[in-house]
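This is what each chain is made of:
2 protein chains.
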Amino acid sequence: MPRTYIDTLRDHEDGAKVVVYGWMQEARIMKNISFLMIRDNTGTIQATFKNDEATLDIIKRINRESIVRVDGSVNKKSISKAGIEISGTSISIVNEAEAPLPLPVVDPVQADLETRLNSRFMDLRKRNISAIFRIESALLWGIRQYLHSQKFIEVHTPKIVAAATEGGSDLFPVRYFEKDAYLNQSPQLYKEVLMSAGFDRVFEVGPAFRAEEHNTTRHLNEFTSIDIEMSFADHNDAMAMLENAIRSGIENAVRENAEDFESLGISISVPETPFPRITYEQCIDLLQKDGIDFTFGDDFSPDQLRTIGSRFSGFYFITEWPSSVRPFYTMPKSEDPRLTNSFDLQYREIEVTSGAQRVHDPKMLIQRFNEKKLDVKSFQFYVDAFKYGMPPHAGWGLGLERLTMILLGLNNIRETTLFPRDRTRIVP
Amino acid sequence: MPRTYIDTLRDHEDGAKVVVYGWMQEARIMKNISFLMIRDNTGTIQATFKNDEATLDIIKRINRESIVRVDGSVNKKSISKAGIEISGTSISIVNEAEAPLPLPVVDPVQADLETRLNSRFMDLRKRNISAIFRIESALLWGIRQYLHSQKFIEVHTPKIVAAATEGGSDLFPVRYFEKDAYLNQSPQLYKEVLMSAGFDRVFEVGPAFRAEEHNTTRHLNEFTSIDIEMSFADHNDAMAMLENAIRSGIENAVRENAEDFESLGISISVPETPFPRITYEQCIDLLQKDGIDFTFGDDFSPDQLRTIGSRFSGFYFITEWPSSVRPFYTMPKSEDPRLTNSFDLQYREIEVTSGAQRVHDPKMLIQRFNEKKLDVKSFQFYVDAFKYGMPPHAGWGLGLERLTMILLGLNNIRETTLFPRDRTRIVP
Numbered sequence: 221m222p223r224t225y226i227d228t229l230r231d232h233e234d235g236a237k238v239v240v241y242g243w244m245q246e247a248r249i250m251k252n253i254s255f256l257m258i259r260d261n262t263g264t265i266q267a268t269f270k271n272d273e274a275t276l277d278i279i280k281r282i283n284r285e286s287i288v289r290v291d292g293s294v295n296k297k298s299i300s301k302a303g304i305e306i307s308g309t310s311i312s313i314v315n316e317a318e319a320p321l322p323l324p325v326v327d328p329v330q331a332d333l334e335t336r337l338n339s340r341f342m343d344l345r346k347r348n349i350s351a352i353f354r355i356e357s358a359l360l361w362g363i364r365q366y367l368h369s370q371k372f373i374e375v376h377t378p379k380i381v382a383a384a385t386e387g388g389s390d391l392f393p394v395r396y397f398e399k400d401a402y403l404n405q406s407p408q409l410y411k412e413v414l415m416s417a418g419f420d421r422v423f424e425v426g427p428a429f430r431a432e433e434h435n436t437t438r439h440l441n442e443f444t445s446i447d448i449e450m451s452f453a454d455h456n457d458a459m460a461m462l463e464n465a466i467r468s469g470i471e472n473a474v475r476e477n478a479e480d481f482e483s484l485g486i487s488i489s490v491p492e493t494p495f496p497r498i499t500y501e502q503c504i505d506l507l508q509k510d511g512i513d514f515t516f517g518d519d520f521s522p523d524q525l526r527t528i529g530s531r532f533s534g535f536y537f538i539t540e541w542p543s544s545v546r547p548f549y550t551m552p553k554s555e556d557p558r559l560t561n562s563f564d565l566q567y568r569e570i571e572v573t574s575g576a577q578r579v580h581d582p583k584m585l586i587q588r589f590n591e592k593k594l595d596v597k598s599f600q601f602y603v604d605a606f607k608y609g610m611p612p613h614a615g616w617g618l619g620l621e622r623l624t625m626i627l628l629g630l631n632n633i634r635e636t637t638l639f640p641r642d643r644t645r646i647v648p
Numbered sequence: 221m222p223r224t225y226i227d228t229l230r231d232h233e234d235g236a237k238v239v240v241y242g243w244m245q246e247a248r249i250m251k252n253i254s255f256l257m258i259r260d261n262t263g264t265i266q267a268t269f270k271n272d273e274a275t276l277d278i279i280k281r282i283n284r285e286s287i288v289r290v291d292g293s294v295n296k297k298s299i300s301k302a303g304i305e306i307s308g309t310s311i312s313i314v315n316e317a318e319a320p321l322p323l324p325v326v327d328p329v330q331a332d333l334e335t336r337l338n339s340r341f342m343d344l345r346k347r348n349i350s351a352i353f354r355i356e357s358a359l360l361w362g363i364r365q366y367l368h369s370q371k372f373i374e375v376h377t378p379k380i381v382a383a384a385t386e387g388g389s390d391l392f393p394v395r396y397f398e399k400d401a402y403l404n405q406s407p408q409l410y411k412e413v414l415m416s417a418g419f420d421r422v423f424e425v426g427p428a429f430r431a432e433e434h435n436t437t438r439h440l441n442e443f444t445s446i447d448i449e450m451s452f453a454d455h456n457d458a459m460a461m462l463e464n465a466i467r468s469g470i471e472n473a474v475r476e477n478a479e480d481f482e483s484l485g486i487s488i489s490v491p492e493t494p495f496p497r498i499t500y501e502q503c504i505d506l507l508q509k510d511g512i513d514f515t516f517g518d519d520f521s522p523d524q525l526r527t528i529g530s531r532f533s534g535f536y537f538i539t540e541w542p543s544s545v546r547p548f549y550t551m552p553k554s555e556d557p558r559l560t561n562s563f564d565l566q567y568r569e570i571e572v573t574s575g576a577q578r579v580h581d582p583k584m585l586i587q588r589f590n591e592k593k594l595d596v597k598s599f600q601f602y603v604d605a606f607k608y609g610m611p612p613h614a615g616w617g618l619g620l621e622r623l624t625m626i627l628l629g630l631n632n633i634r635e636t637t638l639f640p641r642d643r644t645r646i647v648p
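Top to bottom, those sequences are chains L and H.
Its first residue numbered 221, the first sequence is counted upward by one per residue in the working numbering.
Its first residue numbered 221, the second sequence is counted upward by one per residue in the working numbering.
No wet-lab data here; the hints were simulated from the structure.
Computed from a predicted model, the values in this text were never measured in an experiment.
Accuracy of the hints is not assured; some may be wrong.
Heads up, the list lumps identical chains together, so a pair's fine if it works in one copy or across two of them.
SDA-like mimics (lysine to any residue), calculated; alpha carbons at most 25 Å apart, straight line [as the list claims (entries may be wrong)]:
| # | residue 1 | residue 2 |
| --- | --- | --- |
| 1 | Lys-607 | Pro-552 |
| 2 | Lys-597 | Arg-643 |
| 3 | Lys-280 | Gln-245 |
| 4 | Lys-371 | Arg-289 |
| 5 | Lys-399 | Arg-430 |
| 6 | Lys-399 | Ala-431 |
| 7 | Lys-399 | Glu-432 |
| 8 | Lys-371 | Pro-427 |
Kindly produce the complete structure, drawing on both the sequences and the hints.
Laid out in structure tokens, this is it:
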């Protein structure tokens with residue numbers, strides 16, 4: 221007899237025979253009957269058993285969180301809160317749980333984050349925790365669907381690399397046989413090379429690695445990066461692609477995950493596009509009107525971003541950042557080369573995405589390398605791709621876990637990462 | 221005026237004004253007119269220009285593979301082979317290519333693979349090379365669509381890990397701040413932990429790293445692994461999921477990529493499901509009938525797999541492998557514990573996927589660790605997930621590049637990897 225998922229029990233007739241598999245969440249043994257709360261990934265259901273000797277003998281032996289099989293029939297006349305239960309005819313233990321549990325599944329008092337992450341497999345059994353990852357998966361699915369509809373192809377570029385993307389020092393070294401290599405910080409160089417290769421539009425979803433020493437609530441040392449690059453396009457094209465991709469992701473999550481939002485106790489609405497745009501220089505004006513001193517060429521502090529972000533209700537773009545705070549591959553603005561054709565997508569004070577039109581002229585690229593005091597020789601395969609026909613191009617990189625965090629109003633990126641990697645954690 | 225992709229020029233009226241961007245592939249300058257072959261990601265088109273002085277001056281300066289913009293009108297009365305061309309009114313150079321090229325794009329003589337990989341951005345400009353990656357992307361999209369329809373959620377597990385998945389020595393060491401860590405060989409342990417966490421069905425598409433010393437045409441040190449794991453399921457459920465996912469991938473590629481198959485000069489058909497199944501012991505019988513000596517418990521040699529594979533026209537499963545050649549997490553067959561509830565998906569002599577029902581009983585797991593002489597302490601986070609309610613589960617891992625290789629009949633996995641990583645190569 222096939223397994224029935226708990227959320228589909230309602231679709232059965234009253235009295236229909238069913239088999240349910242799941243975790244035995246709680247047992248209440250009364251004088252004549254026992255109530256077992258059974259949980260699977262779709263929900264919980266009460267199973268009621270008459271206390272005949274054999275059944276009672278089994279029920280008494282079942283530790284909480286053991287995997288059980290319940291055979292019974294659907295009872296739609298149940299007086300339980302749910303209005304439906306299973307009248308159990310037999311129960312068996314499929315895989316026994318030890319007692320005590322390292323972390324309770326049903327518990328009004330939430331353990332601290334470190335304890336939860338140490339026993340992540342237990343923590344994730346709570347519906348309001350697993351909901352985060354079902355929503356994250358749905359967001360990504362919606363983003364992918366949009367990119368697919370726009371004729372992007374999905375690519376996979378290497379994570380073991382010989383050169384730093386940003387030329388920085390935030391690199392994890394890897395011993396690659398006899399060679400020294402690194403974990404890639406971003407697929408930036410490779411996706412640009414693929415523009416020279418003629419792919420026109422590519423996206424990649426994969427891990428990115430940053431050996432940043434600081435331990436914050438918004439950064440991880442390994443995260444999931446959604447990256448796109450498109451040819452014969454500029455920063456405006458890339459921004460349009462980004463806001464539409466995010467809207468598609470949210471639309472999909474709202475459509476597919478109503479119950480998960482409910483279990484999180486939040487509701488989100490699909491943002492209207494286009495998102496508002498404000499230039500870097502307009503941001504300075506805003507700050508100065510508020511009496512805040514700011515030097516052109518600096519990056520905004522978190523406090524300053526909070527001030528700017530308070531003008532917007534959700535997503536907004538800050539555009540035309542100065543060259544001084546953008547990486548070497550960013551295209552200068554032709555009318556004012558102190559500025560660039562770049563953007564950050566912000567959500568209140570939090571940066572969600574960074575993107576830009578890129579330099580495509582090989583001479584300008586070399587000049588930018590020199591300005592940033594980077595060694596061209598370490599980037600030879602990248603520079604070569606510019607010398608023999610590189611189209612104008614633009615793109616962005618979006619951190620999936622950070623997007624989920626801000627949309628769900630969570631205050632720590634570890635909440636949206638199954639097994640986070642930070643300054644001190646590599647287990648589990 | 222918006223850019224027109226070359227493959228959509230046919231949809232325009234004769235005489236319609238268009239702007240085309242692309243690579244200048246070839247120029248033939250005649251007495252009164254010039255013929256330029258322009259290429260974008262969708263195809264090539266001939267643009268014809270009258271040799272007025274200004275135009276001729278530009279055309280003479282255009283090196284092959286430069287990025288150009290062509291303004292003109294659609295000419296459907298063209299006597300060219302294609303029956304359509306652009307009557308050019310103006311041409312400009314968007315980004316100039318240097319000469320000579322490191323690798324020709326139009327060349328009947330194919331360079332050797334090493335040379336091609338060294339200038340991969342040029343190599344990929346050939347339509348029969350880029351076609352491989354458009355097909356690979358379409359295969360993955362079709363596989364994803366199937367898994368999504370079966371309620372799998374997509375997850376991302378860490379690639380920087382403290383413990384070896386298989387306990388083997390084929391690990392790339394990573395320096396993670398003060399700690400020693402490794403690149404993950406497979407998401408196996410994490411996806412199993414997610415079954416204990418209650419996710420029911422998960423899949424992951426991400427890089428996997430194997431520090432194997434040998435340099436073969438079928439192995440890479442970094443590859444894209446498609447992994448699934450499903451709860452309350454056995455090896456038969458996992459095999460059904462696999463054959464349907466692969467069929468969905470091929471269906472999608474055949475539907476979306478007709479021109480790419482044409483440029484590769486091959487046509488593939490959607491395989492019928494279910495795929496044939498043959499047990500390990502039946503394979504031994506087959507070999508012995510052919511007079512080949514074989515000891516129970518060994519793995520098959522490539523020659524032996526060729527003999528077995530010759531009985532099948534495409535995909536087939538070899539099931540019930542002996543415990544001796546399967547990893548510790550493989551479920552023994554209850555009727556005969558020398559064997560396991562495992563399978564390999566084969567395509568002729570090549571292994572495409574490995575999968576199995578997994579051990580879910582924590583006592584049996586510890587016993588299997590001991591049999592394989594693995595240190596349980598290195599796997600504590602994994603073992604813990606089995607002690608507090610682990611459902612029966614099954615899954616598989618499928619190498620995307622290898623699947624593409626066998627479907628397209630290519631003889632080297634580097635052909636289906638944009639930037640391969642092997643024993644000696646980490647650039648580009």
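Practice problem: Give me the numbers of the hints this structure contradicts, sorted from smallest to largest. | Solution: Structure breaks no hint.
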